[in-house]
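Those sequence lines, one after another, are chains F and B.
If you use the numbering used here, the first sequence closes out at 560, no skipped numbers anywhere.
If you use the numbering used here, the second sequence closes out at 180, no skipped numbers anywhere.
If you are wondering where the hints come from, they were derived from the structure by calculation, not from laboratory data.
Honestly, I wouldn't trust all of these hints.
Claimed, not checked - List time: in silico BS3-like cross-link candidates among lysine-lysine, alpha-carbon distance up to 25 angstroms:
#, chain 1, residue 1, chain 2, residue 2
1, F, Lys424, F, Lys320
2, F, Lys334, F, Lys269
3, F, Lys424, F, Lys269
4, F, Lys529, F, Lys424
5, F, Lys321, B, Lys140
6, B, Lys0, F, Lys269
7, B, Lys140, F, Lys320
8, B, Lys(-1), F, Lys321
9, F, Lys320, B, Lys0
10, B, Lys140, F, Lys269
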Amino acid sequence: MKDFEFQTATTVDEAVSLLAARGERAKVLTGGTDLLVQLREGMREADMIVDVKKIDELMQLAYAADKGLTLGAAVPCYRIYGNSEIAAAYPALADSARIIGGWQIQSRASVGGNLCNSSPAADTIPSLIALDAVCHLAGPQGRRTVPVAEFCTAPGKNVLGRGEILATLVFPAPADNSGSAYLRFIPRNEMDIAVAGAGSWVRLNAAGDTIEAARVALAAVAPKPLAATSVSEFLAGRPAVEQTYEEAAELAKNAATPISDKRGTADYRRHLAGVLTRRTLAIAVARARGQQL
Amino acid sequence: MAKKTHVTTTINGQQVEFLCEARQSLLEVLRDVLHLTGSKEGCNNGNCGACTVLLDGLPVDSCLVLGVEVEAAEITTIEGVAQDSCLHPIQQCFLEDAALQCGVCTPGFIMTAKALLDRDPNPSEEEIRFQLAGNLCRCTGYDKIVRAVQDAGQIMGNQRGATSAAAQANGSRASKAKARAGSK
């Protein structure tokens, strides 16, 4: 790995000014589980690395049932599923955090880093979209917010401008009778990159038999994590039964625009998008009804 | 010569100072600078877990941590697992259960197993396999490793039970003594 200058920022302003001065030649370090591999393999180059794990705002994990969740961009995955209250309130997020890499990776890797790496196959992004999370960004021009669904623009690309960082991800308070789930398909049991993934969120009526609102998002079936709005819109007002999930799965297959690569063919991925949509909807509905899954 | 950074950290209970370049991983520092060669380099990209160490109590791939990041951290490496000349129960069980063949993955497995069993000495087989998924072994087929971890957990659980029973016995003796003193 080529040598670089290492800086530890302790405030957001400090990180922003360091990054703004160097532009593309400076990279943000959270867990390093993508960045250090990319630098070592020459996929990315940097003259400066800015460690943001000493910035309190980026390490915060604050949840209140009536206010929602604020997740600092550098918080490692294990802290999310390790917090039973947060895991119960945002189960899709916990599902994702639990299956990224192995334990060693989860001790370090952050959801914010997974989002900023902007892989179409990222395991957290469908969950973030399904849970309606909003990115709070800080840059030389000040602060702004962007919904996660609009954050990624192309493989490895996102809306962050020069000197701009992701500070926090903010999730709305969990609605009554709501549930969520994330599943991915990999050919191994653990430790692999998704061939396809799906995250679903549903809100049921008080009786628990009708889907009032839903959001479905897909991984690895488009150039960026895909908010499957046609599926989400279809689900609103439908009965929470297997037939509905089957129909939603067909729409998810149509929404997918996958490529063929070493992990799977386009046809296979389209099929998986359907299967995973159906299964995550069933789990999300069961969780919305209070089942522990 | 690239600029070097001075880092002070705690490794296996001892304060250690070293100089390293920003690009050097913790694994390179451990092996090449501090000559702690127990942690192995397998893939050098976070897939195999052979370089696993505990960083502030959590298992991490030391190939994916920079040396400059560990200022003021607490690190445990495989060299810090045995106490004096006495093997840790996990090490003893890996030997007795033949849970290794070539041995390159073993230090990493032992570190992850230690993190797991320190938290819960009686995990289910599924939990053991899930938590050890970040450690790859190309020799054993894993079954013997899982068995060694289960056996070590049993020993550690018994030791912990014995220690807490002794503490409880001491505690109840102390409270009885206190009660007697109070009644006088």
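Hint check:
1. For the suggested pair Lys424 of chain F and Lys320 of chain F, the alpha carbons sit about 22 angstroms apart, so the restraint of at most 25 angstroms is met.
2. For a cut-off of 25 angstroms, the pair hint linking Lys334 of chain F to Lys269 of chain F is broken: about 45 angstroms separates their Cα positions.
3. Restraint check for Lys424 of chain F and Lys269 of chain F: the C-alpha separation of about 23 angstroms stays at or below 25 angstroms, so the hint holds.
4. For the given pair, Lys529 of chain F sits about 21 angstroms from Lys424 of chain F by alpha-carbon distance, which is consistent with the 25 angstroms threshold.
5. With a CA separation close to 41 angstroms, the supplied pair Lys321 of chain F and Lys140 of chain B exceeds the 25 angstroms bound.
6. At roughly 14 angstroms between alpha-carbon atoms, Lys0 of chain B and Lys269 of chain F fall within 25 angstroms of each other, so this suggested pair holds.
7. Straight-line distance between C-alpha atoms of Lys140 of chain B and Lys320 of chain F comes to about 38 angstroms, which puts the hinted pair past the 25 angstroms bound.
8. Of the supplied pair hints, the one linking Lys(-1) of chain B and Lys321 of chain F holds, its CA atoms being roughly 22 angstroms apart against a limit of 25 angstroms.
9. Between Lys320 of chain F and Lys0 of chain B the alpha-carbon distance is near 21 angstroms, which keeps this suggested pair within the 25 angstroms criterion.
10. For a cut-off of 25 angstroms, the pair hint linking Lys140 of chain B to Lys269 of chain F is broken: about 40 angstroms separates their Cα positions.
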